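Okay, here's what each chain looks like letter by letter:
Protein chains: 2
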Amino acid sequence: MAVPATSLPPLLKDELDIVIPTIRNLDFLEQWRPYLSPYHLIIVQDGDPTKVIKVPEGYDYELYNRNDINRILGPKASCISFKDSACRCFGFMMSKKKYVFTIDDDCWVAKDPQGNEINALEQHITNILSPSTPFFFNTLYDPYRKGADFVRGYPFSLREGVPTAISHGLWLNVPDYDAPTQLVKPAERNTRFVDMVMTIPKGTLFPMCGMNLAFDRSLIGPAMYFGLMGDGQPIGRYDDMWAGWCCKVICDHLGLGVKTGLPYIHHSKASNPFVNLKKEYKGIFWQEEIIPFFQQVQLPKEAVTVEQCYIELSKQVKEKLTGVDPYFTKLADAMVTWIDAWTEINSGSSKTAVANGTPKVSKSK
Amino acid sequence: MAVPATSLPPLLKDELDIVIPTIRNLDFLEQWRPYLSPYHLIIVQDGDPTKVIKVPEGYDYELYNRNDINRILGPKASCISFKDSACRCFGFMMSKKKYVFTIDDDCWVAKDPQGNEINALEQHITNILSPSTPFFFNTLYDPYRKGADFVRGYPFSLREGVPTAISHGLWLNVPDYDAPTQLVKPAERNTRFVDMVMTIPKGTLFPMCGMNLAFDRSLIGPAMYFGLMGDGQPIGRYDDMWAGWCCKVICDHLGLGVKTGLPYIHHSKASNPFVNLKKEYKGIFWQEEIIPFFQQVQLPKEAVTVEQCYIELSKQVKEKLTGVDPYFTKLADAMVTWIDAWTEINSGSSKTAVANGTPKVSKSK
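Chains A and B are the protein sequences, given in the same order. Throughout, my numbering is defined as the position within the first sequence, counted from one, plus 27. Throughout, my numbering is defined as the position within the second sequence, counted from one, plus 27.
Excised from the complex, chain A in its bound form:
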């Protein structure tokens, strides 16, 4: 039986925000109500700021459109993408909570093989509150799960694990394929429920999807930057990938864990592969050089905070990837701007941040 979010430790109600990049279909919030309504929502409207998003009664939320972002960040708003779901990272910056869960509005409550609704948020919290094991592979996967443990041959000194920074959830129904694969396999649906959570090993990169993702903001927040995508940029659909590559090398450097697997959401809508191809095609070339770049990145020992790591990474991006395309100079600069903005918004009390921006807060509960 699905456990409603209200049975979670109450502590987390005050420690977690839900960040959503626009909401095109309000049924989305209705379906998720039992699971999401106990938490505060931060909605970052990715398109036309004159459009009004009506959030159903019973939700506690704040909503930012482009005008708000410009007003709050001033010139630094240039680091936030426009007309692209990459803008969601502005919500990560504005949150004052320890944990963030971000989900797309075409993701619905999935069912497990027994037909029970899956409380995705609860599983993310479970993932994040238990340690990760990036230094050695456990063949029974997450050793902290009920009914599992470390297997024979697992070093005892590694069994305490490390803090988990990221919980990456998956998708039933429409899989997260690139445009070429969508074009080749338009009808393929993911029907395989893999009952598993695992740590992605140290030194291994992965394609992080932002559809169904939770993270510990206090551990990795400043690296959860979704880059420059969408309006005025030569690339799209690489926002979460970029964040994933940056986060993973920083987690590896700082000894933090990244988990993937459960929970599933039901991804309803395959986006248009022709539109996607246009957004992606540069990325498809570029990733052939970006990934080897991230695979060889070394961060200096002196970089001990996420911010320091991220600034160092921005320097290496500028130095090593500008040869791929001048876009990476712009991106590297935006990475620095992002950290400046993050620091400014998050260094004072939350009162200061609000004073900077007067976010539209609707307390409907």
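Watch out, some of these pointers could steer you wrong.
For identical chains, the list gives no copy identity; a pair is met inside one copy or between any two copies.
[Claimed, not checked] Taking lysine-lysine pairs in the DSSO-like style, the calculated list, with each CA pair at most 27 Å apart, reads:
1) 306 - 347
2) 138 - 173
3) 328 - 342
4) 296 - 173
5) 357 - 309
6) 296 - 306
7) 173 - 212
8) 345 - 110
9) 296 - 78
Because the hints were derived from the structure by calculation, they are not lab data. Computed from a prediction, not measured in an experiment: that's the story for all the values here.
Start from chain A and add chain B according to the hints.
Then chain B, alone, in the frame of chain A:
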């Protein structure tokens, strides 16, 4: 529905041997008959050579006891463990086939969640015949499985994968725990069927269990040495772990893949944790130094065959692990002896090998 082994590509009937370290319960072969009987068995008797193992009618097999091993290998027989299931690697050496599946005699046919019998061997063959993806993590796991593919953000240049050398299967019911965990959780049973196969990423070590294991002998055979365990040795229950560490660093060096996950077998019997503790306790200390050793091993570019890699590894074992215990000098020497014996047995025609040993072959089919 379980697919009987007879529906496999016939080619593989002549390309695969099944290696079993002794058989204490003949019901084992009866239960596996639909799946294993089309293949040739190599039984390596791990205990008293005067005991007679009666293999049921309908199986094509060869059987080696300690006297056979001594006669075939002469002084080099010192590298094969006595009174320990580690002796199974002698069967790997004697096989003339491309693929080997090895299974313990307390492993039974498992059932999937729908109640269908799992044809473990068929899944191993599927795993080994499809490529591995060690250089980048695919969040939908094995991209070559039906209904799956590479996800968005997976570099296209890596989508052909690399040859798979090892398929590591898992266990329902009694999990493969070490003695301390067995003592602490005597009643824990693995009931979670994880419908998944994945590549263990490059640079990541794992605890390889020999209970339910298949490999491509032509790709990795000479590294599948199960070390010096059992009678006269200070350690037991690390035979498969040792082979796993060695194989993984060599696979990483040579660009070969290791898969883990499906298939499951049903592991019936928890071995005695007190006996296991006695066998394991040195290993529990030693692995704290062995694993960092394997994590830092670098093999020279000039090592381009498994044999060359293994000899190089033996040198590093002697140099870096002898400080842990003098046992590692003996083990390093045995690694060299193993390669000498492997080369001798496998360099000539299979006729030569048989002439050396006159194995007891019973062709009952």
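Hint by hint, here is what the structure shows:
1. 306 - 347: within (23 Å within a copy, 52 Å between copies)
2. 138 - 173: Both ways: residue 138 and residue 173 sit 20 Å apart in one copy and 21 Å across, limit 27 Å.
3. 328 - 342: within (16 Å within a copy, 32 Å between copies)
4. 296 - 173: Classified as between; 21 Å across copies, 33 Å inside a copy.
5. 357 - 309: within (16 Å within a copy, 56 Å between copies)
6. 296 - 306: Classified as within: same-chain Cα gap 17 Å, cross-chain 55 Å, threshold 27 Å.
7. 173 - 212: This pair counts as between: shortest inter-copy Cα distance 12 Å, intra-copy 37 Å.
8. 345 - 110: within (25 Å within a copy, 61 Å between copies)
9. 296 - 78: within (22 Å within a copy, 65 Å between copies)
Of the numbered hints listed earlier, not one is contradicted by the structure.
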